[in-house]
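**Student:** For reference, the chains in residue letters:
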Amino acid sequence: MIMAGFLAFFLAIGLGFDYFYLNFDPAGDLADTVVYEVSGAAPRQAGTNIPFGTILALLAGLGLTANGYFNGPRMVLRSTMARRADPENEKEKQFLNVVAEISTAAGLAKPPAGYIIPDADLNAFAAGNSPENAVIAVTEGLLATLNREELQGVVAHEMGHVRNYDIRLMTISAALMGAIALLSDFAGRSMRYGSRGRSYGGSSRGSGRKGGAPLLFLVWAVLVILAPLVSRILAMAISRQREFLADATGAELTRNPAALISALEKIRAAVMPTNAVNNGVAHMCIADPRGSLIEERMGFAADLLATHPPMEKRILALKVMAYQKANAGAARGM
Amino acid sequence: MIPLAIVLLVLAAWLVFVFNGLVRLRNQVANAFRQIDVQLKRRHDLIPNLVESVKGEMKFEKETLERVIQARTAAVSAGQSGNAHEMLAKEGMLTQALGRLFALSENYPNLKANESVKKLMEELAHTENQIGFARQFYNDVVTKFNTAQQVFPTNLFASMLGFTPSELWELPADSAERQTPKVNLAV
Numbered sequence: 053m054i055m056a057g058f059l060a061f062f063l064a065i066g067l068g069f070d071y072f073y074l075n076f077d078p079a080g081d082l083a084d085t086v087v088y089e090v091s092g093a094a095p096r097q098a099g100t101n102i103p104f105g106t107i108l109a110l111l112a113g114l115g116l117t118a119n120g121y122f123n124g125p126r127m128v129l130r131s132t133m134a135r136r137a138d139p140e141n142e143k144e145k146q147f148l149n150v151v152a153e154i155s156t157a158a159g160l161a162k163p164p165a166g167y168i169i170p171d172a173d174l175n176a177f178a179a180g181n182s183p184e185n186a187v188i189a190v191t192e193g194l195l196a197t198l199n200r201e202e203l204q205g206v207v208a209h210e211m212g213h214v215r216n217y218d219i220r221l222m223t224i225s226a227a228l229m230g231a232i233a234l235l236s237d238f239a240g241r242s243m244r245y246g247s248r249g250r251s252y253g254g255s256s257r258g259s260g261r262k263g264g265a266p267l268l269f270l271v272w273a274v275l276v277i278l279a280p281l282v283s284r285i286l287a288m289a290i291s292r293q294r295e296f297l298a299d300a301t302g303a304e305l306t307r308n309p310a311a312l313i314s315a316l317e318k319i320r321a322a323v324m325p326t327n328a329v330n331n332g333v334a335h336m337c338i339a340d341p342r343g344s345l346i347e348e349r350m351g352f353a354a355d356l357l358a359t360h361p362p363m364e365k366r367i368l369a370l371k372v373m374a375y376q377k378a379n380a381g382a383a384r385g386m
Numbered sequence: 264m265i266p267l268a269i270v271l272l273v274l275a276a277w278l279v280f281v282f283n284g285l286v287r288l289r290n291q292v293a294n295a296f297r298q299i300d301v302q303l304k305r306r307h308d309l310i311p312n313l314v315e316s317v318k319g320e321m322k323f324e325k326e327t328l329e330r331v332i333q334a335r336t337a338a339v340s341a342g343q344s345g346n347a348h349e350m351l352a353k354e355g356m357l358t359q360a361l362g363r364l365f366a367l368s369e370n371y372p373n374l375k376a377n378e379s380v381k382k383l384m385e386e387l388a389h390t391e392n393q394i395g396f397a398r399q400f401y402n403d404v405v406t407k408f409n410t411a412q413q414v415f416p417t418n419l420f421a422s423m424l425g426f427t428p429s430e431l432w433e434l435p436a437d438s439a440e441r442q443t444p445k446v447n448l449a450v
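As they're listed, the protein sequences go chains A and B.
Taking our numbering, the leading residue of the first sequence gets 53, the next gets one more, and so forth.
Taking our numbering, the leading residue of the second sequence gets 264, the next gets one more, and so forth.
If we strip away everything but chain B, and leave its shape as in the complex, we get:
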C-alpha cells in the first residue's frame, strides 16, 4: 500500500514539474512572437524620421555647396579676366587663403552629410538585424517548446494537459520576399 502511494506521489510530482516547464515555454513562445512586433514597430517609427533628417541635412549642405562652388568659379573667372575691380568684388565673397590651387575639393566647408548617411546605413542594417534575430529567436523557442512536448514520457500527457505544438515562422512559398533583391546603383 505504502509503495503504491509513494509511486503515485512521485508520478504526480513529475506531472507538476512537466506542466510547469511547458507553461514556461509556452509563455516564452508568446513573448518571442510579440518581440518581433516590437522590432517592427521600432523600424516603422525610426527609419522614416532618420531618412527625413538625413535628407534635410543633405539638402542644406547641397545648397551651401552649390553657393560655394558658384562663388569660387566666379572668383576664379574674375581673376582670369584681369578686371581688378570685379576681381576684388568677387574675392570679397570667398577668401582665397590657399593661392592658385585649382582643385575643386579645396576650401569647401567640412560637410558632414556623408557621415550622416553612414550612420543611417548602420542604423538600417542594425534594425533589419534585430528583426531577423527576433524571428530567429522565436523559431528557436518554438522548436524547444515543440520538442519538450514531443519527447517520450511527456508526449503521453501533453495534449491532456492542454498543450499544442506552435507554428514556426516562415515565409509563404510564393512570397515575393524570397526573391533575390536587385541592386542597381546607377544614378
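Only chain A is shown next, with the shape it has when bound in the complex:
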C-alpha cells in the first residue's frame, strides 16, 4: 500500500511537471494553450498527450539503478570485502549447512551462496534480485556469538528477504526516489527561470482549462519542494514494513520465534557499528549498521527516517508470535 502511495506521489509530481511545463494535457481540446519553455524560446501551440517529463525521469531513475539491479550482489559483496564461506572451517561449514537447511524449508531449488564479512560486529544481509542469484552474508562476529538455533533464525530472516523479493522492491524504490529527485530538481529550475508568462496566465485564454490551475500549481509546487524528503520517508516506511515481514517469515520458516528473539537481543547488545557496511547497503541488513543510536531513539524523526524498526518493537512482535507476554520493561518503553 505504501508502494502505491509512493507511485501516486511520483506520478503527481511527474504529471504535474508535464502539465505545467511541457504542455501535457490529457483533455486535449485546447487549441491555443500556451506554455513557455525553460529556455524562454517561442511558445508552442499544440498540446501533446504523452507525459514526456514523467517518462524521461522514470527512465533516468531506472537507468541510475540498473547498475545496482544487475550487478548488485557483486558490488555489495565487494564493497563489504566479503569472502566465500570456507567449508573447511567448522563454523563456516555450519553456516553453509544452516543456509542449505533453511532453503529446504523455504522450498528454494538452489540454496543462496554463503559469504562471510570480516567484521567483529554482529550483522547479516541478503542481496540478489531473485532466489536464483541470491547471496546471504554474515559477519564473523555473528558466527562467533550465536549458537546454531539463533544462526538458523538470522539466516531464515535473510531468506525471507530473498523469498519475498525485498531486494528487488528496494531497488525499484531507489529508482523511484532517484526519478523524483530528478523531477523535483528540474521543476525547481523551471520555477526559477521560467517565471515569465506562467502557465496559469494562459487559463484566461484557454476555454477548457480548469479555473483551479493556480491553486493546483501551488499545491504541486509545495509537493516538489518537499519531494526529496517525502520520497525518502516513503522509501524508509516500505523498508521498515518489509523488515517486519522478514522477521515473520523467518519465524515461519524455522517455526522457532524464540531463537530469533534471542539472536536479536544478542545483536542489540553489541552496540558497535558495522564499519564494513556502508549506507548503500544499510537497508538490507538485519540490524542498522550505523550503530544502534537511531534504533534506540524512539522519537518521531527517528521513526520516520530509520531503515529498520526499533529492535524493541521487533522483539515484541516476535514474542506475540511465540505466545509470550512482553516483559514489563518493553511494555513501558512502548
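These aren't lab readings, by the way, just hints derived from the structure by calculation.
Just so you know, these numbers come straight off a predicted model, no measurement behind them.
Mixed in with the good hints, there may be bad ones.
[As the list claims (entries may be wrong)] Pairwise CB distance ranges, derived in the manner of DEER restraints:
#1 B:Asp300 x A:Lys318: 34 to 42 Å
#2 B:Asp300 x A:Arg307: 33 to 41 Å
#3 A:Ala56 x B:Ile310: 24 to 32 Å
#4 A:Arg135 x B:Ser422: 39 to 47 Å
#5 A:Ala321 x B:Ser316: 22 to 30 Å
#6 A:Met55 x B:Ile310: 42 to 50 Å
#7 A:Ala56 x B:Leu274: 22 to 30 Å
#8 A:Leu67 x B:Leu274: 29 to 37 Å
#9 B:Pro444 x A:Arg130: 42 to 50 Å
We treat Cβ as the ideally placed atom computed from N, Cα and C, and that holds for glycine.
Given the structure of chain A, go ahead and fit chain B onto it with the hints provided.
**Tutor:** Chain B in isolation, oriented as in the chain A frame:
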C-alpha cells in the same frame, strides 16, 4: 448479447487462471513429497560411511595412543629404577624433550579424532534438520494447495476440474517415534 459474451469470456478466463494455479500447486506438492525422499536417501548413503570413517580414524589413533602411553610409562619406570642401560634403551623409544613433567597429557601426538567426531555430530544434526525441514515444507505446500481449493469461488469448481485435497504428513498416533528418546551417556 455483447455483455453476456463478455461476462462469459471473463468467467472462462478466470477459470483458466484458477486451473493453472491449482496445477502449479499440485505439482509443487508432488515435488515436495519426493524431496523428503531425497533427504532420506542422502542420510542413508552418507551417515554409515561417515561413521565408519570416523571409527577407523578413532581406532588408528587409539592404537597409536596406547603405544605412546606404554612407551612413556616404560621410560618413566626405567628412569625410576635407575638402570642406566635400560633407561637409555627405553629413552630411545620416546623423546623426553620436556623433562620431568608427569602429566600424562604431555607430549602425545596431536590427535584429531575428537574433531572428526565433532564434524560427524554436526553432519548428523544437519541431515536430520534437512529431513525435518523437507517434511515441514511438504506440509506447508499441502496446506497452501488445500486452502487454494477450498476458498470460496474456487471450491465450486475444484472437484469439477479434477483436484482433490492432499494429505498432510504426520506420524501415526501409536508410533514409537512419538516417544521421548532416552539419553543414557553411561559408558
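**Student:** Confirm or reject each hint.
**Tutor:** Hints versus structure:
Between Asp300 of chain B and Lys318 of chain A the beta carbons are some 37 Å apart, a value that agrees with the proposed interval 34 to 42 Å. About 22 Å separates the C-beta atoms of Asp300 of chain B and Arg307 of chain A, a value inconsistent with the hinted range of 33 to 41 Å. Taking 24 to 32 Å as the suggested C-beta distance range, the pair Ala56 of chain A and Ile310 of chain B does not conform, at roughly 52 Å. Range check, Arg135 of chain A to Ser422 of chain B: about 54 Å between beta-carbon atoms, so the 39 to 47 Å window is missed.
Between Ala321 of chain A and Ser316 of chain B the beta carbon distance is about 41 Å. The supplied range of 22 to 30 Å is therefore violated. In this structure, Met55 of chain A and Ile310 of chain B meet the distance hint of 42 to 50 Å, their C-beta atoms being roughly 47 Å apart. Under the hint 22 to 30 Å, the C-beta atoms of Ala56 of chain A and Leu274 of chain B, about 28 Å apart, fit the expected range. Checked against the given bound of 29 to 37 Å, the beta carbons of Leu67 of chain A and Leu274 of chain B, roughly 36 Å apart, stay inside it.
Checked against the given bound of 42 to 50 Å, the beta carbons of Pro444 of chain B and Arg130 of chain A, roughly 47 Å apart, stay inside it.
Consistency note: the structure conflicts with the earlier hints numbered 2, 3, 4 and 5.
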